[in-house]
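There are 4 protein chains.
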Amino acid sequence: MSERVGFVTMGESEGRRDVPIVGVGMLGYAFMGKAHSNAYRKIPYMVEPLPAIPSLVGICGRNEEAVRAAAQRYGYHRYYTQWQDLLQDGEVQLFDNGGPNDLHAEPCIAAAEAGKHIICEKPLARTAAEAKTMRDAVKKAGVKHACAFNYRFVPAIRLAREMIERGELGRIYHYRAVYLQEWIMDPNFPIVWRLKKAHAGSGALGDLGAHIIDLARFLVGEPKAVSGLTQTFIKERPTAGGGRDTVDVDDAFVSLIQFENGAIGTLEASRFAGGRKNHQRLEINGEKGSIVFNLERLNELEVYMKESEPARQAQGFRQVLVTEADHPFWKAGSTRSSTSSPTSLTPSSTRGTLLPTGQRLKTATGQR
Amino acid sequence: MSERVGFVTMGESEGRRDVPIVGVGMLGYAFMGKAHSNAYRKIPYMVEPLPAIPSLVGICGRNEEAVRAAAQRYGYHRYYTQWQDLLQDGEVQLFDNGGPNDLHAEPCIAAAEAGKHIICEKPLARTAAEAKTMRDAVKKAGVKHACAFNYRFVPAIRLAREMIERGELGRIYHYRAVYLQEWIMDPNFPIVWRLKKAHAGSGALGDLGAHIIDLARFLVGEPKAVSGLTQTFIKERPTAGGGRDTVDVDDAFVSLIQFENGAIGTLEASRFAGGRKNHQRLEINGEKGSIVFNLERLNELEVYMKESEPARQAQGFRQVLVTEADHPFWKAGSTRSSTSSPTSLTPSSTRGTLLPTGQRLKTATGQR
Amino acid sequence: MSERVGFVTMGESEGRRDVPIVGVGMLGYAFMGKAHSNAYRKIPYMVEPLPAIPSLVGICGRNEEAVRAAAQRYGYHRYYTQWQDLLQDGEVQLFDNGGPNDLHAEPCIAAAEAGKHIICEKPLARTAAEAKTMRDAVKKAGVKHACAFNYRFVPAIRLAREMIERGELGRIYHYRAVYLQEWIMDPNFPIVWRLKKAHAGSGALGDLGAHIIDLARFLVGEPKAVSGLTQTFIKERPTAGGGRDTVDVDDAFVSLIQFENGAIGTLEASRFAGGRKNHQRLEINGEKGSIVFNLERLNELEVYMKESEPARQAQGFRQVLVTEADHPFWKAGSTRSSTSSPTSLTPSSTRGTLLPTGQRLKTATGQR
Amino acid sequence: MSERVGFVTMGESEGRRDVPIVGVGMLGYAFMGKAHSNAYRKIPYMVEPLPAIPSLVGICGRNEEAVRAAAQRYGYHRYYTQWQDLLQDGEVQLFDNGGPNDLHAEPCIAAAEAGKHIICEKPLARTAAEAKTMRDAVKKAGVKHACAFNYRFVPAIRLAREMIERGELGRIYHYRAVYLQEWIMDPNFPIVWRLKKAHAGSGALGDLGAHIIDLARFLVGEPKAVSGLTQTFIKERPTAGGGRDTVDVDDAFVSLIQFENGAIGTLEASRFAGGRKNHQRLEINGEKGSIVFNLERLNELEVYMKESEPARQAQGFRQVLVTEADHPFWKAGSTRSSTSSPTSLTPSSTRGTLLPTGQRLKTATGQR
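Residue numbers (the numbering used here), protein chains in the order written: chain A, 1129 to 1496; chain B, 1129 to 1496; chain C, 1129 to 1496; chain D, 1129 to 1496.
No wet-lab data here; the hints were simulated from the structure.
There's no promise every hint is true.
The list treats identical chains as one, so a pair stands whether inside a single copy or across any two.
[Claimed, not checked] Below 25 Å or equal to it, Euclidean Cα-Cα: the simulated PhoX-like pairs (lysine-lysine) are:
(1) K1267 <-> K1405
(2) K1250 <-> K1272
(3) K1363 <-> K1434
(4) K1405 <-> K1416
(5) K1363 <-> K1352
(6) K1416 <-> K1434
(7) K1434 <-> K1268
(8) K1260 <-> K1352
(9) K1170 <-> K1325
For clarity, every value in this text was computed on a predicted model and none was experimentally measured.
With the hints as constraints, model all of the structure from the sequences given.
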């Protein structure tokens, strides 16, 4: 019956041959592992034309019961409790590292040596030196690689980037960005790995600041000089075992930045900004216009264009809903800009790869 | 000493001769009387060129102690406790009626007969019939007259009107307006004159609805048909004397409207909208664009213009700060539109005068 | 190797036995078919504990090439070009109707007769009478059934419902809702099935109005009386073939509503509101507080609570980000409210089923 | 006739004896001179109980025609073209200096020596040293004195201060403030006195930054350390005479701040932020809550209070309309806090006087 065609038949159709399958091996399942798994499942829904169909080969975590449940839930074929085993799985072509910061370098370097392509969560490493060992490894191995600065792919940020590249803002004068959260304001919130330098490398700086530093480079350009200061408001917290432990990372940082192109800016991140859930807000003022983005309203971009027509008397910041057919990630848009080959996993307009992004920001980050 | 010139000398200068003095007699001092007094004092600060300098001749109220204090405070030369006395004051050229609704018709008609120009607060009268007697009186007397639909003079509304008149929104499709307050939500809020039909004529309809009906006519056009319903949520309230009295006016109304030009709309007013202090919000959607105004942000006009340039991908509602040099009420703007003679008290673009504005809205207002 | 466990093994675990598989047959692939397919794929990511894992059995559409591509992209096992064939697929347990309005009744009734559970897109039917035939069929068949009023499941709407049910707003006074779009404002936009009464039943009323009528019932209660008017601004449009055809559905409607509980309201929908992309905005004012929801900011609920503590002087509408751990759809929340059996497809708090929701709204909808 | 009482009689009443008259001498009429004149005229309307009634004795400016017109318009009794003459006017009790920055020190010091009370516009002086000479003079003379940091008196700022003083925010962690304008972005905008160091002292730093530095001290506390950088984007501009001249002040500055109480912050001001008209925005995050103020919405204060009741699930930033009866500057409020004697011209809660406010901010301001 010609109208009833099974999946196998469909697999032999032209359509199928055009779309490569990429085997994914995921490290972590709780937070980023869960988020990335969802993203892999949504690619066919979101991206047109489809560059690849992810095959969820294996997922790895230390708690066997939990990782088994995650595998079932998200549809991974297998699970592992040792990342070394995941890397030996021959069907894994892409290694996705969603583990804690102190588990970035070793598995990524091993994956590169095993010939896997790599996506690694940010901050890439605990120090610039550690990050450099990772970059050296992927360069040597010749694998594709990307650090998960995912906010570059928010449609509103994409639109901002396109507008800036087309010169619609003109020369850039100002960049000001904050990334504000509130999740450790309670003094009784316990010590977790994110609050220990040995595991996390830094606090708000690497966790939140990394994103707004990355977006500074993505949208404005390379920094020339920075200065900054960090602050730890609550210096000791309870441990799970009933004791007390020292917080040795920053609760917040503030920073000034000069860009190579003459723009100046401020950057700030904090985990002590009450009422701010995931408040990444940036504003760019240019010669011809300004933009504002706030992650808590992630479908919107505020745009000011000087003396737009018609209605010359009615100038002001526009609340642009970046959800329309002429915006990034709709079919027309993505087709137009998709010049990369179907197997390219790194979007062509992503500058940042496994380069230690913090490298030039020595003063601000202290990640030597 | 030529650099030291007293006020008397200055009074003889050219400048002085150009600006007529208008003697003002104010009825009421507590709410609208206070607000209008402030407005008269601010005219020299706000309006350029100055059409007239108000002279605060007299103020009238029933409580002698209070009206005397008000006269001192706002700078009135005299005070009265009977409006009949105020009208006999020969220096009063303009009678401003800021009294309660049941004190509109008689003093205004008497003032017209006495040859005074008239400004009267809204709602003009308790019924359309009563309003018509006032209009007949001022027409017969030939005096200047205006009903205090003051929101027409908010710069943002002014800009909206100018944009619509220039055709920047094209054909109008929709008008939706609400006027929401919350001041009588407490069931223990006592009976006041505004809650009694004999004094107020109506409730939210005349007090709040009158403004959005007026702005409908000012911005969109004349209505062709309306339908509506009123509601009284709390039907009995305590009196000052410890008893109970019936609320016989509406706490809220909702209404549909068809305009002569084919637009349709909704109108609503309520004193039971918790959190809304003075929330007069209107939205107009036209063929080429849309506008939104909210009195609680009275310096702003939200404007949407389809496909404006530059930045074609970045369309959206703009938050226009109507505070700039090319906006109404700055010097350039007011000069440009000031075609009226210096003694004209009624702005040339104000359509509404002592005409019973509710007259055509019989079904909606029930002001027969 | 104990750390390497294949999917089959995992399937035998306790976890697997707890989660039933439900076979889905989808009618339509372009708009709602695509959206629902994405939703089925996301259930394991979003819902905790997992009530069921959807198995994407088959998808049906008239264009074979397109439906085959959709099946591949979204992961359906088979595709069909006749809905009758889809219904004969023994693995399909749940029939999901995402077809145009004139393809709702017949396939749904046939599916009920075939013993399939049913989800059908809104508006359920073109007339109340047609809807009633569907409801009679599902009742007779005893299958589970739901009409896809999906906005009930937005976390912010869920929170609004919970707050109202807990009495946090007190007695409800006002409901005002608009659903505004702009997609047919261009007079050259061609005739499509949504603009023809024979296919769509109605225009903005059924397409957009259905949602805000449903939310009125979900959040406030049953209506007692309504009145309304519809308007078609552009009465003739080009056809694909180069001709002209009449638009015989409404471009917009406005309506007044009285609820059984004494609240009053306004409802409005339009496809001629420039700048409004998917602007479903509703406001509810109650005795103790108010809420506002706007679908264009779907993660937010504006909430006003009278005299909240601390900071009594600082009352105002709060922008609540409904994204936190104590909000609907996070694990704790969903566990707490999940009293339904794992195979229940209809959330327990959904009042609306295949009942002809428009039935009581005769005047407003004219769907006799 | 007892109901007709002239102003003279009223002057003899008890009410009159309670309210002292203060004779005002104003330097400047164009910008601040105009604004302050309006303020003096509005005091009787705004402040209850009335601490004093300003008598507009004299106004001074260099252009005789313009200053004469201003005197007439605002109601000054006399005008002067030399400030020395204004200071010799025996009826002037309060000298208000609204002149350019290089005309602050000499007239203020002379006024102090003449026994006049003093209000001086900000920035107080061009350098900290110059400011100190002014402070020494007023201290020696024993006159009352204030620098016109007027934003302290915005009701929303007042409410913020009261909330902080009552401990409603708890310990303060963060202060971030920007003051953004756009008025010199056009490269053809000519050289004016504000762009020359000899006249203005500094650019955005003194003009705009002074306000957010003052509010930092008013709301958070004294700074312990600062660092900053300034930038001049357009270094040369046309002169009125057709030539070119160098801009030797800052177009923008960015700065970091550490407070004595452990809070950290960022401060920034710019005249190159397109779309920002008068965008002074500050955010304070404390242990128990946060506040945001934006001068472009000056009637509002955004307030976040952790875990407020009722509606525990509905936390978020509130848009507080600071216009209500329990807010600063309404009668109840001002009565409650008015502990100063009726002749006190300096509000009791104003910390800042003629003290050189920039003194501690050496690094940031470089005003040595």
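How the hints compare with the structure:
1. K1267 <-> K1405: For K1267 and K1405, neither the intra-copy (37 Å) nor the inter-copy (46 Å) Cα distance is at most 25 Å.
2. K1250 <-> K1272: For K1250 and K1272, the Cα distance is within 25 Å only inside one copy (17 Å; across copies 46 Å).
3. K1363 <-> K1434: between (47 Å within a copy, 22 Å between copies)
4. K1405 <-> K1416: between (32 Å within a copy, 15 Å between copies)
5. K1363 <-> K1352: Between copies only: 20 Å across chains, 32 Å inside a chain, cut-off 25 Å.
6. K1416 <-> K1434: both (6 Å within a copy, 20 Å between copies)
7. K1434 <-> K1268: neither (48 Å within a copy, 51 Å between copies)
8. K1260 <-> K1352: within (20 Å within a copy, 37 Å between copies)
9. K1170 <-> K1325: neither (35 Å within a copy, 36 Å between copies)
Comparing the model with each earlier hint shows violations of hints 1, 7 and 9; every other hint is respected.
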